[in-house]
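Q: All chains, full assembly: derive it from the sequences and hints.
Chains as they are written, first to last, in the numbering used here: chain A, 1 to 128; chain B, 1 to 166.
What the hints contain is simulated information worked out from the structure, not anything from laboratory work. None of the values given here were measured: they were computed from a predicted structure. Beta carbons are placed, not taken as given, at the ideal position from N, Cα and C, and that holds for glycine. Hints are not guaranteed to be accurate.
Pairwise CB distance ranges (calculated) [what the hints assert, rightly or not]:
{"hint": "1", "chain 1": "A", "residue 1": "G17", "chain 2": "B", "residue 2": "R59", "range": "38 to 44 Å"}
{"hint": "2", "chain 1": "B", "residue 1": "A92", "chain 2": "A", "residue 2": "W91", "range": "23 to 29 Å"}
{"hint": "3", "chain 1": "A", "residue 1": "F3", "chain 2": "B", "residue 2": "P96", "range": "41 to 47 Å"}
{"hint": "4", "chain 1": "A", "residue 1": "Y25", "chain 2": "B", "residue 2": "V35", "range": "25 to 31 Å"}
{"hint": "5", "chain 1": "A", "residue 1": "S24", "chain 2": "B", "residue 2": "V70", "range": "26 to 32 Å"}
{"hint": "6", "chain 1": "A", "residue 1": "P99", "chain 2": "B", "residue 2": "P108", "range": "32 to 38 Å"}
{"hint": "7", "chain 1": "B", "residue 1": "Q152", "chain 2": "A", "residue 2": "S24", "range": "43 to 49 Å"}
{"hint": "8", "chain 1": "B", "residue 1": "G133", "chain 2": "A", "residue 2": "I28", "range": "17 to 23 Å"}
{"hint": "9", "chain 1": "B", "residue 1": "R84", "chain 2": "A", "residue 2": "L72", "range": "30 to 36 Å"}
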Amino acid sequence: MGFIIELLIAFFLIVSGIFGVVGSYGMIKLKDPMSRLHAPTKATTLGVGGVLLASICHSVLIEEHLSLHELLITLFLFLTAPITALFIAKWHIHRHEKPSDLPDAGEDELWATHAVEQVEDVPDHSKS
Amino acid sequence: MIRLLHRIFPHPHLTLLLTIVWVLLANNMTLNSLVFGLILGIIIPFITQPYWPDRPKLRNWPMVVEYILVVLWDIVVANVTVARVILFKRDADRQPAWICVPLELRTPEAITVLAGTITMTPGTVSSDLSAQGHNLLVHCLDAPDPDAVRDQIKSRYERRLKEIFE
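A: Rendered as structure tokens:
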């Protein structure tokens with residue numbers, strides 16, 4: 001029984017290690033900045049998730065006490081990672097993309113990052 | 001009586017969430033941490049209440065659970081797909097694409113959840129909103145068929161979020 005438990009924990013650790021390595025390799029291999037942005041969002045999901053699952057299994061099955069700290073790490077990562085990615089993406093659009101390079105924004109005509117650059121004085125929303 | 005309760009607990013779900021997070025942070029199930037978590041869970045929503053104007057009501061709790069499970073499953077599947085793209089596809093063959101997802105959602109909270117979900121599922125990163133918030137700009141790592149990606153986002157995530165929030 002102990003062997004199976006160790007096998008399970010080792011499996012989670014190896015899975016997370018593989019995805020961590022692939023994510024880092026992607027940072028080198030992919031050439032354009034927007035594609036590079038995909039690598040870190042990958043490492044935080046399965047890469048970190050595997051370590052956390054292994055940690056929960058270890059504390060529950062081997063040390064025999066319930067530890068759910070790890071769920072919080074997942075929760076905080078899921079809150080912070082998309083915001084970081086969005087900021088980097090917006091920076092990229094701001095510095096490197098012209099409105100004509102991006103797909104049509106439909107009835108709004110411009111994407112928010114470009115729209116802010118065009119408006120000379122930002123409208124005052126506090127009155128409405 | 002109910003109005004009094006509502007003034008003491010302006011945001012019951014936040015109270016519950018803060019208590020659970022505090023107990024998890026303390027990482028031991030004692031009455032001590034539970035009571036202190038409850039105190040924080042009552043005080044924080046009470047103080048921050050003015051910053052939560054017109055919160056949306058979550059309508060469909062089974063759908064919330066279904067949504068979380070669908071997203072977790074998609075993260076696992078998409079991770080494998082993206083790992084294959086990185087390892088086995090030559091960089092010249094890869095077809096990165098910008099796609100525009102027209103939004104039916106109007107609640108800011110729902111759009112935030114949708115954008116976050118798109119970023120967390122590997123292979124897609126939500127990059128910008130259109131000026132009035134009617135479209136979402138998404139970057140795909142490898143999309144031979146951009147329309148299929150857009151349809152999948154709309155049918156898998158947006159439809160469920162619409163049932164949850166609106």
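Q: Range hint 38 to 44 Å: satisfied by the CB atoms of A/G17 and B/R59?
A: holds (41 Å)
Q: State, for the Cβ atoms of A/S24 and B/V70, whether the hinted interval 26 to 32 Å holds or is violated.
A: holds (28 Å)
Q: Please test the hint of 25 to 31 Å on the beta carbon pair from A/Y25 and B/V35.
A: Distance hint for A/Y25, B/V35 is violated at roughly 48 Å.
Q: State, for the Cβ atoms of B/A92 and A/W91, whether the hinted interval 23 to 29 Å holds or is violated.
A: Given about 26 Å between the Cβ atoms, the range holds.
Q: When you take the CB atoms of B/Q152 and A/S24, is the distance between them in 43 to 49 Å?
A: violated (28 Å)
Q: Is 41 to 47 Å right for how far apart the beta carbons of A/F3 and B/P96 are?
A: Check passed, 45 Å falls within 41 to 47 Å.
Q: Could you check the hint for me, namely that B/R84 and A/L72 are 30 to 36 Å apart, CB to CB?
A: holds (31 Å)
Q: Please test the hint of 32 to 38 Å on the beta carbon pair from A/P99 and B/P108.
A: violated (24 Å)
Q: Using the beta carbons of B/G133 and A/I28, state whether their distance is inside 17 to 23 Å or not.
A: violated (36 Å)
The structure fails to meet hints 4, 6, 7 and 8 from the earlier list, while all remaining hints are met.
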